[in-house]
Each structure stands twice: as structure tokens, then as C-alpha cells.
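Protein sequence lines, in the order shown, are assigned to chains A and B. For the first sequence, the numbering used here gives the first residue as 1, with consecutive numbering after it. For the second sequence, the numbering used here gives the first residue as 1, with consecutive numbering after it.
To be clear, the hints were calculated from the coordinates, so they are not data collected in a lab. Hints may be right or wrong, so weigh each one.
A pair holds if it fits inside one copy or across any two, identical chains being indistinguishable in the list.
[As the list claims (entries may be wrong)] Below, in silico cross-link-like pairs of lysine-lysine (DSSO-like), each with a Cα-Cα straight-line distance of 27 Å or less:
no., residue 1, residue 2
1, 129, 231
2, 175, 57
3, 99, 519
4, 58, 586
5, 57, 159
6, 396, 229
7, 22, 465
8, 396, 244
Number of protein chains: 2
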Amino acid sequence: MGDLKLVRKFEVGVGFFNRYEKLVKDVVLPYQEKALNDQIEGAEKSHCIENFRMAAKKIKTGACDGEFYGMVFQDSDVAKWLEGAAYSLAQNPDAELEKRCDDIIELIGEAQQKDGYLNTYFTVKEPDKRWTNLQEAHELYCAGHMIEAAVAYAECTGKSRLLEIMCGMADHIYKHFIEEGAEGYPGHPEIELALMRLFRCTKEERYKELAMHFINMRGVDSEYFVKEKEKRNWTVWGADPGDKEYAQNGAPVREQDKAVGHAVRAVYLYTGMADAAMETGDTTLTEVCRTLWNNITQRRMYVTGAIGSAYEGEAFTKDYHLPNDTAYAETCAAIGLIFFSNKMLYLERKGKYADVMERALYNCVLAGMQLDGTKFFYVNPLEVLPGISGEAQTHKHALPVRPKWFACACCPPNVARLLSSIAEYAWHVIPGALFSNLFVGGTLDLSDSFGGKVTLETAYPYDNKIRYHFAPEQETMYVPLAIRIPAWSRNTKITLNGREVRCEIKDGYAYLHGNYSAKDVVTVELDLSVRRVYTSNKVSANTGRVAIQRGPLIYCIEGVDNENDILSVSLKKDGEITVSEYLPDKLCGIQELYAEGYRETVSDELYSFDAPAEEACRVTLVPYYTWGNRGLNQMRVWIPEEA
Amino acid sequence: MGDLKLVRKFEVGVGFFNRYEKLVKDVVLPYQEKALNDQIEGAEKSHCIENFRMAAKKIKTGACDGEFYGMVFQDSDVAKWLEGAAYSLAQNPDAELEKRCDDIIELIGEAQQKDGYLNTYFTVKEPDKRWTNLQEAHELYCAGHMIEAAVAYAECTGKSRLLEIMCGMADHIYKHFIEEGAEGYPGHPEIELALMRLFRCTKEERYKELAMHFINMRGVDSEYFVKEKEKRNWTVWGADPGDKEYAQNGAPVREQDKAVGHAVRAVYLYTGMADAAMETGDTTLTEVCRTLWNNITQRRMYVTGAIGSAYEGEAFTKDYHLPNDTAYAETCAAIGLIFFSNKMLYLERKGKYADVMERALYNCVLAGMQLDGTKFFYVNPLEVLPGISGEAQTHKHALPVRPKWFACACCPPNVARLLSSIAEYAWHVIPGALFSNLFVGGTLDLSDSFGGKVTLETAYPYDNKIRYHFAPEQETMYVPLAIRIPAWSRNTKITLNGREVRCEIKDGYAYLHGNYSAKDVVTVELDLSVRRVYTSNKVSANTGRVAIQRGPLIYCIEGVDNENDILSVSLKKDGEITVSEYLPDKLCGIQELYAEGYRETVSDELYSFDAPAEEACRVTLVPYYTWGNRGLNQMRVWIPEEA
């Protein structure tokens with residue numbers, strides 16, 4: 001199966017993601033590097049690197065100046081940044097950046113204890129409390145992220161120093177939990193998916209065993225965190241160890257059938273489970289993953305691919321409960337849903353998994369970052385009203401503009417590592433097939449597998465044409481190409497050199513087989529007609545409302561385009577919606593939509609016996625991912641529809 | 001001006017409130033008496049009376065067995081119950097009940113300390129901490145409620161024992177805060193309005209002075225609670241003393257212009273302010289009260305008269321923020337809004353104040369109690385969805401069925417005391433005028449003022465006719481009658497013995513003057529046409545939705561009447577809505593409404609590109625105050641409207 005090596009063999013070409021690739025390289029990674037070093041004025045302090053310096057000094061000298069600062073999981077910000085930098089280096093060699101990464105890795109090595117243990121919080125602040133608070137203290141979580149960084153850095157740069165460090169930590173964990181039989185499982189899952197990556201990278205069975213151990217132990221003793229709390233005499237936040245929904249430990253994972261609790265924890269866990277199911281052929285686990293994925297995507301997911309309906313616990317709530325304005329909808333959770341869906345797609349070749357990856361990517365995840373790459377949303381609501389959003393007691397979390405950084409800075413580097421490894425999701429190269437899941441323009445080096453290169457050329461999502469070009473090493477190359485046909489595309493046409501191709505279409509993929517020469521072009525023409533989206537009438541918040549989608553993009557209305565008042569605007573049922581030409585200078589290049597609609601006369605009067613007067617108007621919609629880039633401003637995705 | 005004496009002179013007649021009068025007397029008061037004595041199986045323990053017994057024993061013997069149990073303000077439940085019982089006794093003499101009340105009052109007297117101090121929490125549990133935690137500890141709040149009970153009991157039964165006890169406590173408070181100059185003001189306002197009542201009952205200027213003191217000091221030192229917390233070494237809940245919105249102390253009250261914070265605290269404070277403004281002629285205070293009342297009713301009030309949009313802080317949030325399903329909308333807060341509006345109506349004779357009293361009374365307050373008087377809602381949402389309401393993290397407070405009692409039992413006795421003193425709000429007898437504000441059937445004894453009796457006869461709110469009969473002591477009686485014309489009544493006809501009367505209509509009141517004999521009947525015919533209510537388009541939650549009102553009653557749809565699915569139901573714009581005949585056996589007697597509407601085909605699919613199919617249907621609506629009386633069930637007030 002395709003692994004991270006792929007990244008090194010994909011060159012993002014001209015097109016939509018090219019801008020993001022450059023942004024990550026030129027702005028996001030340097031900006032985040034500064035943030036980790038506390039060099040951004042007016043932003044929340046990170047202290048990440050400094051924590052490692054202190055831990056290193058303490059290990060060297062037995063003591064350090066200053067105090068650990070930040071969240072108990074602060075180390076993971078460095079890990080995610082390193083992972084993003086690794087992906088970027090694979091595509092854009094940069095000796096200076098690589099040198100700085102190497103220096104950080106050296107520092108990380110110095111912060112590692114002799115027995116392999118690595119965690120600056122415990123090393124600096126609580127050396128005697130290792131492994132006593134799995135519920136809250138994120139030791140396994142931080143280890144997981146650093147393992148991911150290690151695998152990525154090794155595969156992208158060929159340098160194995162961080163991998164050695166993290167194999168040391170993984171061995172330490174193995175010893176503690178397997179050999180010495182320590183009880184428990186992580187409060188915040190992540191290590192499971194990381195260990196699966198480490199296993200695939202190193203072929204070391206022990207790491208798979210350890211991943212399976214944490215998956216299998218979870219929820220078997222559902223009182224574990226309660227007992228753990230009774231034993232220890234310290235706490236990070238005083239979190240309730242008995243909240244078994246929050247931590248997905250109310251039952252063994254194989255008996256779980258609803259996605260519950262902290263959304264990021266949930267999807268990280270499920271990602272590890274799906275990966276383990278794939279590696280082990282465990283059909284029970286596969287079935288559980290299917291059930292949980294269905295529960296999320298068919299009952300608990302926003303139309304933007306966001307998940308987590310409640311601020312309280314940053315959590316899933318109940319089926320069909322999807323409030324728009326108070327949504328938590330964390331950027332990291334949408335990213336986790338992409339991870340989970342990607343693994344499911346490896347488990348079974350169904351386009352619906354890629355459809356969800358695309359939904360989350362083009363909408364929630366991209367909205368998580370300012371278009372200029374320097375500000376970030378943690379929370380991605382589907383309706384924002386200045387005066388209420390970010391201000392009312394119930395909306396403190398739902399900020400109407402992106403801040404520069406966060407005290408809890410999990411989301412920004414998560415966006416960076418996802419965008420810089422986008423090819424991992426766009427393509428799956430498996431024995432006997434090349435799957436084109438997401439239409440990211442660029443060139444894929446398949447010399448190992450199919451004897452040549454494939455270039456995808458497109459202006460998608462703003463153009464409907466996706467062209468596959470071939471550069472065989474011999475005269476031709478045989479490529480068994482599986483192209484996703486998105487569920488939203490009603491009429492899709494596939495041509496070879498202009499002539500329509502008949503091919504098998506199964507579970508959302510068109511399967512083409514051909515010996516292609518350098519002159520051949522396979523073209524997919526998707527149907528980018530504007531679509532109206534309706535929610536199940538079981539979702540109270542969206543009664544009588546419609547969302548507008550074009551291609552993978554969910555659109556929204558913002559005040560700035562609509563007379564600074566979107567609450568009085570509705571869309572005409574079956575009204576015409578026209579698509580603007582491509583506007584290269586607006587919001588980094590978009591196509592707007594113009595819909596026939598109505599505008600009510602605005603009334604300050606709270607209650608009235610008179611229906612508000614209304615007149616026809618033109619409603620302007622912009623892609624959701626671009627919202628909040630033009631100042632404080634109303635925004636709404638689900639718009640009332642009127643006959 | 002009319003004071004509590006009135007209650008003794010009004011006999012609730014046949015009609016809508018007659019049932020409630022009997023219910024309070026026969027069920028609610030006895031039930032609550034049992035609850036206070038911990039005799040209700042399966043209900044939350046109260047321990048109220050037991051707390052007084054322990055305090056009495058401790059005062060007598062220096063020690064007591066057992067421990068104080070319940071909220072720090074548990075005493076106030078006894079006070080509110082006693083006040084309700086007093087009102088009931090005024091109308092329905094009941095020697096046994098009066099004896100039990102007298103016994104409780106004796107017990108209260110025994111629980112009073114020699115210096116006049118009365119509070120079982122502090123006497124039993126924290127004797128050394130009196131007056132050290134005004135922010136949280138509710139001493140002044142409990143004193144205020146017991147003062148109200150004392151005034152009511154004296155005026156309704158002529159017995160002054162409780163009044164003496166509470167004058168002792170009021171004098172103690174006066175000494176502490178005025179003579180000894182202690183700093184501070186109550187965390188939970190209530191004493192202000194109570195002291196105004198005590199002043200009017202006793203004519204003792206000191207009590208008015210003390211009320212004005214607390215009003216005037218509030219927010220002058222807005223850091224008072226912060227400083228207080230720094231000084232003390234104990235806490236009740238660890239509440240944030242710096243939350244100045246919560247406690248309405250961010251600025252002196254005369255500089256406040258938005259209703260903020262804990263909604264009950266706010267309206268209790270404003271009630272005291274309005275009462276003080278009336279007694280003192282303080283025009284600045286009057287203007288502030290006007291501004292705050294307008295802010296509530298024009299920006300922050302639900303259509304049911306409920307207030308408090310957020311569970312967090314049980315609080316007001318922001319203008320036009322009125323979520324239906326997560327509303328706090330506490331029963332006590334709606335009752336407080338009635339208190340405040342009633343005082344505003346004394347300040348200025350405008351029908352809008354009575355309109356709001358009526359809105360809160362017939363909708364939120366009545367909904368706060370099961371129709372059989374034995375279960376209560378604390379929280380009164382405008383949309384309830386079993387599976388989410390009461391269950392989702394965001395909806396734990398919004399229960400879908402009424403519980404028997406509460407650990408914090410402020411609402412049930414508050415409903416009882418309001419309903420049993422309803423005449424206080426229905427009528428205002430002021431020099432030279434009799435104001436008929438609410439149309440409660442019954443007989444008013446006006447021998448002191450207008451030389452006879454006036455009887456209001458009506459089946460309102462289910463009949464549009466309100467008849468005033470007269471029983472002069474002489475041949476005729478001169479009655480300057482001011483009858484409220486509700487804002488919802490488009491066409492109102494007033495007749496004297498069948499002939500239309502021309503009269504001045506000003507600010508929502510029709511002013512009639514006449515010498516009436518026993519044969520005369522003044523009849524008001526209100527327009528009970530069904531009205532559609534629309535919210536300002538600034539209220540996001542109600543976009544595209546309509547509420548249905550008939551007379552004072554807001555209607556709702558419940559699942560039980562509508563195929564157990566209300567989320568797929570919409571009302572036809574301008575569709576016909578018919579009114580059923582009076583159904584005496586349904587929900588204790590109601591008129592249903594039948595509206596032309598549409599029902600969508602229910603879809604489980606979360607998102608779809610197809611608009612749901614729909615067909616015409618008949619939608620059944622019932623009065624909001626009756627909802628939740630037929631088991632677990634969906635409910636919605638704001639219903640989508642479609643052309």
C-alpha cells in the first residue's frame with residue numbers, strides 16, 4: 001500500500017493547491033516556526049522550543065532555569081510542525097530549513113532521557129509523576145505525534161535521527177505497558193495511529209503489537225481512569241475521570257456503535273483502529289470502524305465536513321444535533337475525519353470515503369486558516385453574527401475572526417502538515433491500481449510501480465476538467481487508473497483523446513485500464529452545476545433552509561457582499577443561481593455565485609403581527625473556506641428558502 | 001396605591017383562574033408543604049423545615065444534631081410557601097392550614113437569634129461567617145423572601161407574629177449596614193423589593209432608607225465582591241466575584257442600560273428599583289427602569305414572556321439572541337418580569353406593561369407547572385426534542401418532562417405565590433381609578449374606595465367577552481374604570497347594557513366613567529382572532545418561522561397531536577387556521593387550533609440534493625402552557641412558514 005514515500009514523488013503543479021503548497025512553505029511553516037519560538041508579537045506565547053531546551057539542560061546538568069510553560073501537550077506542536085516541514089522539504093528542498101529541523105531534532109534528542117522517555121512537561125516539571133495520569137497528561141499523545149514526525153522526517157529526508165529517538169521512546173512505552181504490564185490506555189488517543197505508521201516504516205512487529213494493545217485495552221476496564229485518579233494525588237485540569245463518553249472508554253472499542261465524546265480523540269482513535277484493521281485483517285474491527293464512520297457521516301457531521309456539535313467537551317452530542325452558530329467544529333477534528341476516511345478508503349474502495357475527505361478538506365479545514373496563512377480558526381461555525389458570536393456566554397468559543405495563535409495551538413500545525421502531505425490523500429498507489437481520490441494538480445512519479453509518471457492537470461475546483469497525462473519510461477505505460485466520481489457530479493464524462501470512454505463504474509470509482517503513451521490524455525469532465533443541499537428534517541436547526549454547493553465547495557453568504565445584513569435574506573426556491581467568471585483577485589481567486597432571492601425589510605421590533613415586507617434581490621455567495629477574510633462580518637451557510 | 005390588602009377583598013370566581021386557585025389551595029400548597037417536610041417519595045429532598053428545627057434547637061440548647069442540608073438559600077423555599085399560603089388563606093379560610101402556618105412561624109421565631117439575625121444556614125453551619133460573603137451566601141435574599149412572607153401573612157390573616165420577627169431581622173440588617181456602616185450590597189437582589197413592601201406595610205421610613213441604600217450602593221464599588229472574596233477564606237460555590245454582568249454590579253444602577261447577567265437577580269433588582277422610584281419620585285431611577293424594561297421586552301424576551309437565553313449563568317445574553325431549544329427561560333425569571341412590569345404599571349399607566357405581565361403569566365409561568373400542580377419546570381424552552389433535550393451536553397438543563405421537585409426549588413413555590421395573589425396584578429385600585437389589567441373572573445370588594453363591589457365575569461382566555469357587574473352599596477356607585485385593551489386585540493368593542501360606549505382610549509387603556517346600578521353591565525368584547533407573530537429578522541433562530549397566538553395564548557405544536565413528528569411540519573403562509581370548540585376534557589379545558597400546513601416526507605439521510613417531498617396536512621396546535629402534559633414528546637413554538 002502507498003506510504004509516505006509517495007510524498008517525495010509528487011510535485012504539486014499549477015492549480016488550486018499550488019497556492020497552498022507555496023503558502024505552507026513560504027508563510028505557514030516559517031510563521032509557525034516563529035510562533036513556536038515566541039517571536040510573533042501580540043500572539044499567545046508558545047514556549048515549545050524553550051521547553052525542550054530546559055528539558056535538555058536538566059538532563060545534562062540536573063537542573064534548569066525557568067519553568068515549563070504551556071499545555072501539558074505543548075510538545076506536540078513541535079512534532080506537528082516538524083512533520084509539516086518534512087513534507088514540505090520533500091517537495092521543496094531547502095537546506096536552511098532542513099538545517100533548522102535537524103537542530104531541533106538534535107535538541108529533542110538531548111531532551112530524551114536515558115531510558116528513552118521523552119516529554120518535556122514531565123522531565124522539567126513533574127519528573128516523579130510519569131505514567132500516573134494517562135487520563136489527562138497526554139504523554140502517549142505527545143509521543144504519538146513525535147513518532148509521526150519521525151516517520152515523516154525519515155521518509156521525506158532520508159534522515160533517521162528522529163526515528164531513532166522515537167523508536168527509543170516507543171521501546172520505552174512497550175517495556176512499560178507490555179513487558180512490565182502497566183495498566184491503562186491513553187486519555188487522548190493518537191499513539192495507536194502513530195505506532196501503526198512506525199510499524200509500517202520500520203517493519204518492527206512490536207509497534208503493531210503495542211498499537212493493538214492500546215486499542216484492545218480501551219474500555220475493557222471502563223473504570224480505569226477513575227481508579228487511576230484515586231491512586232494519584234495530582235491533576236492537570238481536574239477533568240472528570242468518570243466521563244466515559246468524553247474518552248470513548250465506556251465499552252471495549254469493538255462494542256462501540258456511536259461516535260461520542262471529544263471529537264478529535266474519537267477520530268484519532270478510529271483512524272488507528274481502521275489502520276490496525278487493515279494491517280491485521282481483523283473483520284470485527286473493520287465492521288466497528290464502518291459503523292462509527294457511518295454514524296459520524298450520516299448523523300453527526302456538518303455539511304462542511306466539520307464534526308463536534310458542542311463546545312462542552314469539544315464533543316459529539318446526539319444524532320441529528322447540528323447547531324450552526326454554537327458548533328465546536330474544530331479544525332483538528334475535521335482533519336482527523338480525513339485521516340479516518342483515508343484509512344477507511346484503504347480498507348474498502350468506496351468513493352464515499354474520498355467524498356468525505358474532500359468535503360472536510362475544501363470546506364472546514366481550509367476555512368481553519370486565513371487565506372494569507374497567518375491566522376487560524378479552532379472553531380468553525382456555520383453561522384456567525386458579530387455581537388453574539390464570540391461574545392454571548394454560549395458563543396465565547398465561536399470567534400468571528402481568526403486569531404493569530406492559540407494557547408492551545410493544536411490546529412495551526414495540523415493544517416500545515418495536512419496541506420503539505422495532501423498527495424497522500426489525493427492518490428493511493430496500491431498493487432495493481434492507481435487511485436485518484438482528490439483532484440490535486442501535479443506530477444506523480446510511478447517509476448517503481450507503473451514505469452513512468454502521471455500528471456494531473458486541472459484548475460479544479462473552479463474548472464470541471466481533470467486531465468491525466470502520461471510520461472512512460474518506455475514507449476507506453478500500463479496504468480490501471482481508478483478515478484473517483486464524486487457523488488455530487490450528476491453527469492460525468494470520461495474521454496481518451498477526446499473520445500468518450502466506456503468503463504466500469506463501481507462504488508464511486510471509474511476503472512480505466514490502458515497502455516498510455518506520452519500523447520494520450522484521459523479527461524474527466526465533472527458536472528459542476530450548482531446544487532442545492534437539504535438536511536434531513538430531523539435536523540432542527542436547518543428546517544426550511546438550504547445550503548448551496550458547487551463541486552466540492554459549500555458556499556455561504558457574508559454580510560460584506562450582501563448589504564451587511566444576511567439575516568433578512570432568503571433564496572428563491574428553484575430560483576436561478578449563476579456562476580461568476582473566475583475572479584483571480586477576489587479572495588485569492590474564486591468563483592462567486594449569484595442567486596435569485598428575497599430581502600425582507602429589516603425590523604428592530606422584536607415581535608410583530610405583520611409579516612415583514614420583502615422584495616426580490618440578488619444574493620451573492622462565496623465559498624465557505626474563504627469566509628472571514630474581509631473583517632468582522634456576518635456569515636451563514638444554511639439559508640432560508642422561499643417559494 | 002393598592003397594596004396586599006386587596007387580596008383579601010377579591011374572590012376568584014368561575015373561570016380560568018378558578019381552576020388554578022383551587023389547584024393551589026388543594027394540591028400545590030399541600031404538595032409543596034409535604035416537599036418542604038421531605039414527605040414526597042422519589043422527589044429531591046428539601047430539608048427546609050428541618051433546617052429551621054435544627055437552628056431553633058441550637059439557639060435553645062447551644063447545639064443540634066444533624067447537619068444543614070440544601071442550598072445556602074434553602075430558607076427562602078419556606079418563605080415563598082408561607083407567602084403563597086397567606087394569599088390562599090385570604091380567599092379560602094382554612095383553620096388547619098393556618099394553624100400549621102402559625103406553627104411554622106413559631107418555629108421561625110425560635111430559629112431567630114437574640115440580635116434579630118435569622119438564617120438557618122449560618123446559624124446551624126457557619127455561625128462565625130455572617131455577612132462575610134454577600135456575593136454568594138444569599139443572607140439578604142433569604143431575609144427578603146421572609147419579609148415578603150411576613151407582610152403577606154400579616155395583611156392576609158391579620159396576624160403580626162412573622163412581621164415582628166422580620167422587623168427584627170430588618171432592624172438587624174439596618175444596624176449592620178447603616179448604623180455600623182458595613183460595606184456591600186446583596187449578591188442576589190431581592191431585599192430591596194421586600195423592604196419596600198415592609199415600608200409600605202409598617203410605614204417605617206427606615207426600611208425604605210435601607211432599600212434605597214442597597215439600590216444606591218450597588219455597583220458604586222464594582223470591585224466590592226472581589227475585595228470581599230480576598231478578605232474571606234471560604235466560598236459556597238467558588239463563583240467568580242469579578243463577573244459583574246452576572247451580578248449587575250459593573251456600574252451604579254443609574255448608569256445601567258442593558259438587562260444583563262442572572263435573569264432572576266436582574267428583574268428582582270429592577271422591581272425594587274421601580275418600586276423605590278415610585279415611592280421616592282426619583283425620576284432618574286424611573287428613566288433607568290424604563291430603559292431596562294424596554295431592553296428586556298424589546299430585545300431579550302421570548303414570545304412566551306420568558307427571559308434568560310443562556311444556561312451559563314442562567315442569564316441574559318445579547319440583544320436579539322433568543323435560541324429556542326437551549327433557552328434557560330426560568331419560571332422564576334418570568335415571574336420576576338411580572339413583578340417588574342407590575343411596578344412599572346404603577347409608575348406609568350401604559351397597557352404595554354400589563355401586556356407583558358399577561359404574556360409571561362399565560363405562557364411561561366403557567367407552563368412552569370404541570371396541569372395537575374404536582375410537577376414543575378425550572379427551564380421553559382420553546383423547542384423540545386427528546387433525544388437531544390435534557391440529554392445533549394448543551395441541553396442538560398432543558399428537560400423534556402417536568403420533574404417532581406428540584407434540589408434548587410425556587411420555582412415551584414414562586415408559581416404558587418404568584419397564582420394565589422393574582423388579583424394584585426389583575427387589578428390596581430388607585431385614588432380615583434380602578435384599573436382592570438388582567439381579566440381574572442371574580443368579585444372585588446371596593447367598599448373602601450368606590451362604595452360597592454365589582455364582579456368580572458368571563459371565560460377568558462377562551463371567550464372574548466368580559467363583563468363587569470356592579471353591586472353598589474347605595475343605589476349606584478361611581479366607578480372610574482380603566483380597562484386594558486390588549487395590543488393583540490385589533491377590534492375591541494365596549495358596550496354598556498348592549499349599547500356601544502364611546503370612551504377615551506389612551507396608552508392601551510379604555511377609560512370609562514359612570515354611575516352604575518346593579519342592573520348595569522359593561523361588556524368588553526376582545527378580538528380573539530388567531531394572529532401570526534413574526535420575530536425581528538435580527539433573531540437568527542426564528543428566520544422564516546412564525547408563532548401562533550390567540551388572545552394572550554401562544555400556541556405550540558406537540559408530537560402527540562401531529563403524528564409524533566413536528567420537525568417535518570410547516571404552516572401555510574396565509575393558510576386558514578380554525579379554532580376548535582372548547583374542549584373541556586382536553587388538557588383541563590382548551591381550544592385547539594387547526595392550521596393548513598405541509599408535511600415533508602421524513603428522511604433519515606443527513607444531506608440530500610433533493611428537496612423533500614411534501615403534502616398538505618392539518619397541523620394541530622395547543623396552548624404553550626399545556627405542553628408536556630402528555631408524556632415525552634416533541635414541542636415547537638416557532639414553526640416554519642411556507643407559501
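Numbers of the earlier hints that this structure fails to satisfy, in rising order | Hints 3, 4 contradicted; others consistent.
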